[in-house]
Amino acid sequence: MIPAIEIRQLHKRFGSVHALCGVDLNVEQGEFFALLGPNGAGKSTLINILAGLARADSGQIKVLGHDVRADYRQARRSIGVVPQELVYDAFFTVREMLRFQSGYFGIRGNDAWIDELLENLGLSDKAKTPVRTLSGGMKRRVLVAQALVHKPPVIVLDEPTAGVDVELRQNLWEFIRRLNRQGHTIVLTTHYLEEAEALCNRVAMMKQGKIIALDTTANLLNSLGSIQVRLKLNPARLPESLNYLLITQDDRVFKLSLNHLAELETVLRTLREAGATVEELDVTKPDLEDVFLKLVQA
Amino acid sequence: MTGLFTLFYKEILRFWKVSLQTILSPLVTTLLYLLIFSHVLEAHVHVYPGIAYTAFLVPGLVMMAMLQNAFANSSSSLIQSKMNGSIVFVLLPPLAYWEFFTAYVAASVVRGVVVGLGVGLAGLWFSAIPLAHPLWMMAFALLGCATLGAAGIVSSLWAEGYDQMAAVQNFIIVPLTFLSGVFYSIHSLPPFWQAVSRFNPFFYLIDGFRYGFFGVSDVSPGLGLSIVAACFLALSLATLLLLKSGYKLRK
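Protein chains in written order, with the working numbering: chain F, 47 to 344; chain V, 0 to 250.
Now the in silico label distances, taken between C-beta atoms and shown as ranges:
| # | chain 1 | residue 1 | chain 2 | residue 2 | range |
| --- | --- | --- | --- | --- | --- |
| 1 | F | E213 | V | K247 | 34 to 42 Å |
| 2 | V | Y96 | F | T175 | 32 to 40 Å |
| 3 | F | P84 | V | N169 | 39 to 47 Å |
| 4 | F | H237 | V | L23 | 45 to 53 Å |
| 5 | V | Y246 | F | G86 | 21 to 29 Å |
| 6 | V | F4 | F | H237 | 35 to 43 Å |
| 7 | F | E213 | V | W97 | 42 to 50 Å |
| 8 | F | E325 | V | M82 | 51 to 59 Å |
| 9 | V | F177 | F | N217 | 50 to 58 Å |
| 10 | V | K16 | F | D157 | 17 to 25 Å |
| 11 | V | L34 | F | E213 | 57 to 65 Å |
| 12 | F | H237 | V | S225 | 56 to 64 Å |
| 13 | F | R54 | V | Y96 | 24 to 32 Å |
| 14 | V | F4 | F | V63 | 38 to 46 Å |
Computed from the model, here is a short list of chain V residues facing chain F with C-beta under 10 Å:
| # | residue |
| --- | --- |
| 15 | T5 |
| 16 | G84 |
| 17 | P92 |
Listed below are several chain V residues computed to face chain F (Cβ distance under 7 Å; list not exhaustive):
| # | residue |
| --- | --- |
| 18 | T1 |
| 19 | R13 |
| 20 | K16 |
| 21 | S85 |
| 22 | L91 |
| 23 | R249 |
Keep in mind that the hints were calculated from the coordinates and are not lab data. Model, not experiment: these values are computed from the prediction. Cβ coordinates follow ideal geometry from the N, Cα and C atoms, glycine included.
Make the full structure from the sequences, and use the hints.
Right, dumping it as structure tokens:
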């Protein structure tokens with residue numbers, strides 16, 4: 047099957063900054079894919095090139111087999127992008143914006159789908175409202191509707207829930223999950239790593255223009271061991287024999303990674319023998335944030 | 000072509016929604032020029048034999064209003080969407096660069112013609128104006144508006160802020176329109192300034208447009224139209240190349 051997104055040796059420079067350093071990536075059709083990374087990692091540059099808002103210096107990037115430069119019309123029809131910035135046209139109502147966006151994609155008489163989008167995004171009663179008068183969260187919903195107006199098989203959401211209240215976030219994800227179940231490929235960038243963990247089958251982590259991890263969400267989570275133990279010790283010293291388990295230390299709080307719960311007894315015994323008192327103890331499963339921090343700080 | 004027509008319609012609706020600012024305001028300003036200049040100069044200035052100064056003035060003011068508003072339409076729309084980021088709504092869809100160009104230029108022509116019609120009709124209240132060659136008049140009007148629509152696109156692509164955009168408007172477009180023979184015939188100027196005026200493309204637009212009404216002009220309308228058409232083609236080509244390259248639109 048043709049990949050939803052195919053990226054080969056993509057390079058982009060802004061002056062002396064090498065924003066993308068030979069990125070290779072395939073996103074398969076039907077995937078719910080997360081693109082994570084700290085600010086400046088190159089995520090938005092990658093998405094901008096994918097959407098045709100920026101141009102690569104070299105390399106190839108295709109959407110459903112259509113090159114974004116050579117076959118830009120088909121590539122752009124195949125993709126819907128929710129931009130990161132909260133942008134709107136001050137002159138028009140919500141329905142006018144959605145009709146224009148349909149027209150730009152060559153679609154006339156799209157009101158049935160526009161009505162469905164408005165309903166699913168909780169915008170039905172705002173159809174005749176000028177976009178400029180809406181709250182930030184509502185404007186974000188309009189951006190999502192605009193990106194979906196041509197029913198794109200590939201949907202890219204660049205930080206879609208930034209500054210959005212919890213209710214909308216849940217409604218939005220419910221809607222996007224449904225689209226994914228219907229066969230749409232979803233690519234998501236977000237700072238809320240728990241969202242990526244809950245939603246995405248596969249994750250790519252970027253740092254300084256390179257992909258530093260690319261795997262299923264489950265494999266990435268397993269890479270840190272099956273459980274994590276947070277210990278507050280007095281005195282703040284971890285016996286040397288336990289150093290290989292250490293993930294992070296913050297003052298007297300140590301985060302250790304264990305493969306099995308049974309290892310906990312060994313850890314506690316070693317601490318007792320070393321004269322350390324355990325003041326607090328939490329056992330947690332590692333989350334994507336831990337993987338992210340480990341990789342980004344490496 | 001649905002994309003092109005949608006963008007064209009959106010641009011029309013954009014200026015129509017703020018018609019107080021985009022149509023009525025330039026109309027009132029131009030009529031104030033007409034009121035003041037015709038009142039002060041009517042008895043003192045005669046440019047063409049047998050044509051009252053007010054009648055001479057009306058076509059020039061109509062053309063001036065058309066050119067300035069055609070420029071303002073494409074330039075203000077594009078610079079606003081560039082500055083607030085809503086330009087992405089037309090960059091993300093599969094619109095070709097030539098569709099983008101055609102839609103913005105056509106909308107500029109419509110705005111120019113609407114304002115020009117308003118000024119012209121109001122001008123009739125001041126003076127009866129003949130219409131000797133309507134086709135020449137229309138050819139100059141449409142080419143003029145289209146040229147300035149294209150100029151508006153180029154300027155707003157280049158400008159990185161409202162300040163730079165205002166500089167183009169105030170230091171290039173307004174002087175060129177004012178110094179193009181709207182208020183006088185270039186034959187009333189000293190030879191040096193007559194020669195300088197011939198390098199101003201706006202002069203040929205005003206002169207040719209006026210020929211459409213009176214059948215009298217400073218230069219032959221055929222030469223004028225050729226120069227204006229050459230300017231339009233050169234500017235359009237430059238605009239299309241800039242749009243195709245993604246100049247300051249696609250990073």
